[in-house]
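K.L.:
Chains as they are written, first to last, in my numbering: chain Z, 1380 to 1580; chain U, 332 to 619; chain D, -7 to 115.
Simulated from the structure, these hints should not be mistaken for lab results. On a predicted model such as this, the values are computed, not experimentally measured, just so you know. You may find that some hints are simply not true.
As the list claims (entries may be wrong) - Cβ-to-Cβ under 7 Å is the rule here; a few derived chain U residues that face chain D:
#, residue
1, L508
2, G510
3, R526
4, I527
5, A528
6, D529
7, Q543
8, S544
9, I545
10, D546
Each residue gets a CB set at the ideal place from its N, CA and C atoms; glycine is no exception.
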Amino acid sequence: MFNLIRRDVILQKRLLLTFIPFILFFIIMDSHPALIFLVASIFIPFNAYAYDEKTEVNILLNSLPYTRKEIIAARYLGAIIYSLASIGVASAALLAFSKPFALSDIAIGGGLFFLFAALTFPLFYILKQGYIFSAVLISFLVLAAIGPQIVLYMSDHLPAITEFLMNLSTTALYTGGAVIIGVLYAVSWGVTTVVYQRKAF
Amino acid sequence: MENVVELKNVTKNFKGFSVKNINMQVKQGFITGFIGANGAGKSTTIKMMMNLLRPDAGEVKLFGLDYRTHEKEIKERIGFVYDGNVFFEGLNLKDIKRIVGPAYKKWDDTLFYKYVAQFQLPLNKPIKTFSKGMQMKASLAIALSHDAELIIMDEPTAGLDPIFRRELLDLLQEIMLDGRRTIFFSTHITTDLDRIADYIAFLQNGELIFNQSIDDVANNYALVKGELGLLDRDTEKAFVDIHRAPTGFEALTDNVKAVKKTFGESVVIERASLEDIMYYMKGRESYV
Amino acid sequence: MQIIISNSSKEPIYEQITSQIKSSILAGNLQEGTALPSIRQLAKDLKISVITTKRSYEELEKAGFIYSIVGKGSFVAEQNLEVIKEKKLKVIEDQLNAVIINSREIGLSLEDLQDLLNILYEE
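Please model the entire structure based on the sequences and the hints provided.
P.N.:
See below:
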């Protein structure tokens, strides 16, 4: 199982060299720390999918002594491990450039990553190979474009909700967000496992 | 245990194609050749043996175990060599070993390097630069490095030159020397199997026509040549398919004894190659 | 041990093997107790299937030319050459008797028959 997670690093050996410059680019561009944490988290897990699309990797993995459950579990656990590690690296980079950031930036960046992962991971197994990556890219752009609009719209037209949110303590807000994202991630994991078990290669 | 693989009434349906009611055993310690034209359903059957595909009906057992309960135990004991490259093509053999090796409990690095040296494979070049033959050898080296008891090969000789094919056959016989291993080998190049296979399973249009020892195939099937005048409605029954020419007929029989009884010395009876058998079986098809 | 296999021969391959091993044993080239290659080794050396070599050894064993010990392999059995010679002699006698009967039918004399035999034997 650990081996399944580790393979992403072996696969992305060369690509990982671009990881630091990639983060530095965002830092130098003076991006919001939360955004930096988000893109840092996304880097490894989504590149892993890009790699997997290129080969008959599912045939390989399923011919090795792994169960389908494990293969999916490695994806979801791996995403957690790699995003945490990436956030660590990004924090170090921010510190090195003496850019200030708050824990809430990490929480927002990480939270958005897990939300995005929960929504897109199943797509990699539901959609046909070859379409997946573009689908995910488009959905990411759409989300980035309309996401803020929705939030604005909500704050304008649904004052009840915003008021409710405003009245929550920060702890309650973050815990609530974490719980919701955690549940979504777990559901996504379950759905993907079921989908993957029914797949033919 | 006698049968390493056991398929019972296995059926798989696709749009416009199906593998129907396959009953097949693969015997321990022997080389079984799996023959059939392209599209006969060989790959589908192999995928079901590897649990890449689940049958719609029927039972697939390897080493007497079921995939539903013993997936890892089963795959631990299988080495696979597929037609195309399934390994990450950008990686070199060393990295592939680092990914694939730890998957197996019985992985043996020393053994792996031994085969890599024997097959003269480069460790530091990406797999995508390998020739077809080298890719096949790389798969085989990996299959042999975890002490697999069953080696499943899907069209390993397709696209290889004759010299390389001979080398492979030699190698397969070598790894069979200790008698513990079993090889299941699909191919449409039957000359590879005419010599070294112990059992032949013949699939046509998704149906298993036979699964016999090479001895039985040689005893039951033969090419018969004779004058056209010998053929009539009764005598034709002994044949699977008949090719007529102005100079005489040539036919395949699956019952040599009956032919000898009916025609005696009036016909020439020759050994039928696997290719002959496949060819005439195909002919029978077109009449039905 | 030398074995030459002809793919174009009508004789099945397993029979080619048994008959060649038999003659080696009868000619004394393979001595009693000599270990034969394992069926798998022989199959590899001859580039034929294991089932074929297995069958050859089984036939040889049935005929008493070799014996097998599980886990050790196959060995040339003790050959009572006198008995074998006697058996062969009996066969030759029978065949000669048939020749004599045929010769009498067409009135071939003993001398003519001896001449014929001389010529054929020399060939």
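K.L.:
Does each hint hold? Answer for all of them.
P.N.:
Verification of the hints:
no.	hint	verdict
1	L508	5 Å, holds
2	G510	6 Å, holds
3	R526	6 Å, holds
4	I527	6 Å, holds
5	A528	6 Å, holds
6	D529	4 Å, holds
7	Q543	10 Å, violated
8	S544	5 Å, holds
9	I545	5 Å, holds
10	D546	6 Å, holds
Checked against the numbered hints above, the structure violates only hint 7.
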